[in-house]
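Q: Can you make the complete structure from the sequences, with help from the hints?
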Amino acid sequence: MDFRHDGPNVVLTEGKDDCHVILALCEHYGIPERFGFYDCGSDEKVLKKMSALIAGSQPVETICVVLDADNPNLHGKWNSIRSRLQERNYSIPNIPRREGTILQANNNPTIGIWLMPDNNLNGMLEDFCRQLAMPDAIGYAESCVHQAKRDGYATFTDSHESKAVIHTFLAWQNRPGMPLGQAITACSLSPNQPIAEKFVVFLRSLFETRI
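FYI, my numbering numbers position 27 of the sequence shown as 27, with every residue one higher than the one before it.
Possibly wrong hints are sitting among the right ones.
[Said to hold, decoys possible] Lysine to aspartate or glutamate pairs mimicking EDC-like chemistry, simulated, CA-CA at most 20 Å apart: (1) Lys163 x Asp136; (2) Lys16 x Glu33; (3) Lys45 x Glu99; (4) Lys45 x Asp70; (5) Lys16 x Asp2.
No wet-lab data here; the hints were simulated from the structure. Computed from a predicted structure; not experimentally measured.
A: Shown next, in the form of structure tokens:
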């Protein structure tokens with residue numbers, strides 16, 4: 001699937017995994033297809049695309065920005081977003097809102113911002129997905145990953161621990177190695193966990209009440 005949506009209502013993400021996870025949640029909760037996805041390829045490219053859409057001549061109504069709270073951390077990522085939006089006359093809080101941040105400015109698109117995993121902690125998409133797994137099972141996967149690291153069998157960097165843990169967990173499922181979005185559709189990762197419900201409420205608040 002090619003995520004290069006150019007309509008007036010768009011979700012900007014760092015990669016295809018983000019698109020597939022959000023799409024799986026939308027399908028589970030029956031969110032109407034009133035917006036599309038744009039895989040920007042990196043966090044910096046998300047910010048550049050956001051700025052270009054705001055400043056461009058193409059009519060844009062709503063932009064949802066989904067970014068990992070890393071590289072270096074939530075505070076740094078928020079400040080990067082904040083400085084760009086202040087240049088476009090958005091009034092933006094000093095810290096992200098726990099429920100997701102929605103901003104409006106005269107003659108500019110509505111902007112929604114979600115920092116993975118939960119607008120509060122440093123992390124990434126995989127930290128969000130870890131909270132959709134069975135707690136005991138994901139805890140055991142974490143123990144296995146830590147043991148592999150101690151024994152010298154694992155070479156991932158510390159910043160990628162969540163990736164190692166979630167994919168270890170997914171390797172044990174009925175269809176080993178499923179991508180994250182498929183794992184949600186198959187309910188190997190539960191779409192009914194509180195963090196997923198919170199994200200869906202944010203999406204609905206951003207899109208369904210404005211379209």
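Q: If a hint holds in the structure, say so; if it doesn't, say that too.
A: So, going through the hints one by one against the coordinates:
1. Lys163 x Asp136: Distance ~17 Å between Lys163 and Asp136 Cα, so the pair holds.
2. Lys16 x Glu33: holds, 18 Å
3. Lys45 x Glu99: At roughly 24 Å apart (the allowed maximum being 20 Å), Glu99 and Lys45 break the hint.
4. Lys45 x Asp70: The hint holds at about 15 Å.
5. Lys16 x Asp2: Measuring from Cα to Cα gives roughly 9 Å; hence the hint holds.
Hint violations for this structure: number 3 only, all remaining hints satisfied.
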